[in-house]
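Enquirer: Letter by letter, the chains look like this.
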Amino acid sequence: MKEAQPTVFIIDDDPSARKGLSRLVRVAGLAVETFASAKAFLDRPPGDCHGCILLDVKMPEKDGLELQEELVRADCPLPIVFISGHADVPIAARAMKKGATDFLTKPVDRDELLDAIDHSLAKDRENRKNLALWKEARRQVATLSPREYEVMTFVIAGLLNKQIACAMGITEDTVKIHRGRVMKKMNVVSVPDLVRCADLAGVAPVKVDE
Amino acid sequence: MEQKLSDAELMYRTVADFTYDWEYWRAPDGHMLYCSPSCERITGYRSSDFRDRPELLDAIVLPEDQTVWEQHSRKVGISFERAHCQFRIREKAGHIRWIDHVCLPVYDDKGSYLGVRASNREITKYKETEREVREYRDALALLDRTATMGQLAGSIAHELNQPLTGILSNAQAGEMLLSRGDTGTDELKEIFSDIVSDGKRAANVLQNLRNLYSSRKTEFRVLKVHRQVEQVLRILNSEMVIHNIRTSRHMSGSRPRVMGNEVQIQQVLINLIRNAMQSMESGGIVDRSIAIIETIRDGREVLIRVEDNGPGIDPEIAESMFEPMVTSKPKGLGMGLSICRTIVQAYDGRIWAENISDGGARVVFTLPVYREDA
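Taken in sequence, the protein lines are chains A and B. Counting with the numbering used here, you get residues -9 to 200 for the letters of the first sequence. Counting with the numbering used here, you get residues 54 to 427 for the letters of the second sequence.
Don't take each hint at face value.
Now the stretches of chain A that chain B is said to cover, found in silico as 3 or more residues with beta-carbon under 8 Å [stated by the list, open to error]:
(1) 13 to 19
(2) 45 to 58
(3) 104 to 113
Some residues of chain B that are not near chain A, with every Cβ distance over 10 Å (derived) [stated by the list, open to error]:
(4) Ser126
(5) Glu240
(6) His279
(7) Val294
These aren't lab readings, by the way, just hints derived from the structure by calculation. Glycine included, every Cβ here is placed at the ideal spot set by N, Cα and C.
This is chain A alone, in the form it adopts within the complex (with noise of 0.2 Å):
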């Protein structure tokens, strides 16, 4: 899969944090975009976002926090490192429990920084592949038939191809006839393949009656 350049999304009401962060971030080979308050971010045309968020704590109007929270209520898959001008250990718990990657205070030293970030970018990248990888087993569930699909719920719930025939009340050549195709279709050559895709895809087993 092809992957556009990372971008570092720096925010801070703050000329000169602003100013010296972003011109440290660039020179160590990564594009920036700085906003001078979150609503400067939001208002940004959403497009192709990919990288992280460098988020200042405390702003006016909307504060680092509150932006983080928007953000997650909005599924932004953006990982965020906050960087704030004290260390408060409630925020910084806060902060770190809505998903947080890092929390940096004020004035932070380049590696710090820089680790910080690169660790926000392979999160990134994890949380991309992961989202396509779940888009391409939600396109594959979507190929199935409603037979196929039930089929496949007995499957996963560990059932053999007898079972599946008497609980659906098929013969079992149709059964196999149908798994054959499921696995085609899920693009997938064992079972335990099958459960890790239709797991990722929300798709539950069906409940086995002991």
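Please arrange chain B on chain A, whose structure you already have, making use of the hints.
Expert: Leaving out everything else, chain B in the frame of chain A:
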């Protein structure tokens, strides 16, 4: 006739002897003409002791309070008026007692001076309470000042952090460029120019701080009120930004001056503005603003009003809010306004608070206008 005299004597004797406070009449030469038996309760000595030893009274006054006592005694001798003083004595068993002493000079029909008639009340308990309250109050005032300093330190740290972040990031970016030999561009030039302006910004923060707490400014000087307001707003600027508060100033055109200590006057302003900030915070007000308004009354008084659009003053504490340890804040010490009042009153000013009819609170304090001729 004789019977009548002894009846009268009995009556006066009874009236005099059955007093709770210690009463005496002392002749100009220091002799005790009368001393009520209640002196024993207070001093441990009997009334006969005072009558037999005229010097006893002066002797039991503590050495530290001798000056007060002597000055008082001299004054009574030459005036025709009631006189009052407080001093400590060492009673017979060695304990120290506080005495509240009121006396009148005695004259006969012909106007001859017949000595002093005095009432002494023991006020040791009252004095001790007063001292305890004062000590407690001093301790709390210190605590509050430390808390205020803590808040200020936080705000200064925030103000310094920004330019420091700029300087460090720029310098490290420059290092990276240099180590790569990437020196051909204008980037390095820009880096240096940014470092210089961030450095100046940091120096400015420190300069403002120095202006506020430098030791040479503990003295009393003639101060322009509007300058004090400007400085305080500069100091509180980052807090205002963080709390999303708009501020406005409406200063009198005649630039009134007052005599005072810069740190104390700024402390009053800081306390009042912080209170306004915190009340709006806790009141959940979205559109927050604080106005500082200066007016002059009769050319003699400067009125400084701090107005907010917060939830206003809780009527329950409106009466007592300037008393120490009264607060509406969950974590407040209740010292801020009390300190304000102490400072303002020390300048012969007044301070009060009221709710604004359209909402919000207003605290007003006055300071006497300084005039060269006054």
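Enquirer: Could you run down the list of hints and mark each one as holding or not?
Expert: Against the structure, the hints come out as follows:
no. : hint       : verdict
1   : 13 to 19   : holds (count 5)
2   : 45 to 58   : holds (count 3)
3   : 104 to 113 : violated (count 0)
4   : Ser126     : holds (63 Å)
5   : Glu240     : violated (7 Å)
6   : His279     : holds (26 Å)
7   : Val294     : violated (5 Å)
In terms of the numbered hints stated before, the structure departs from hints 3, 5 and 7, listed from lowest to highest.
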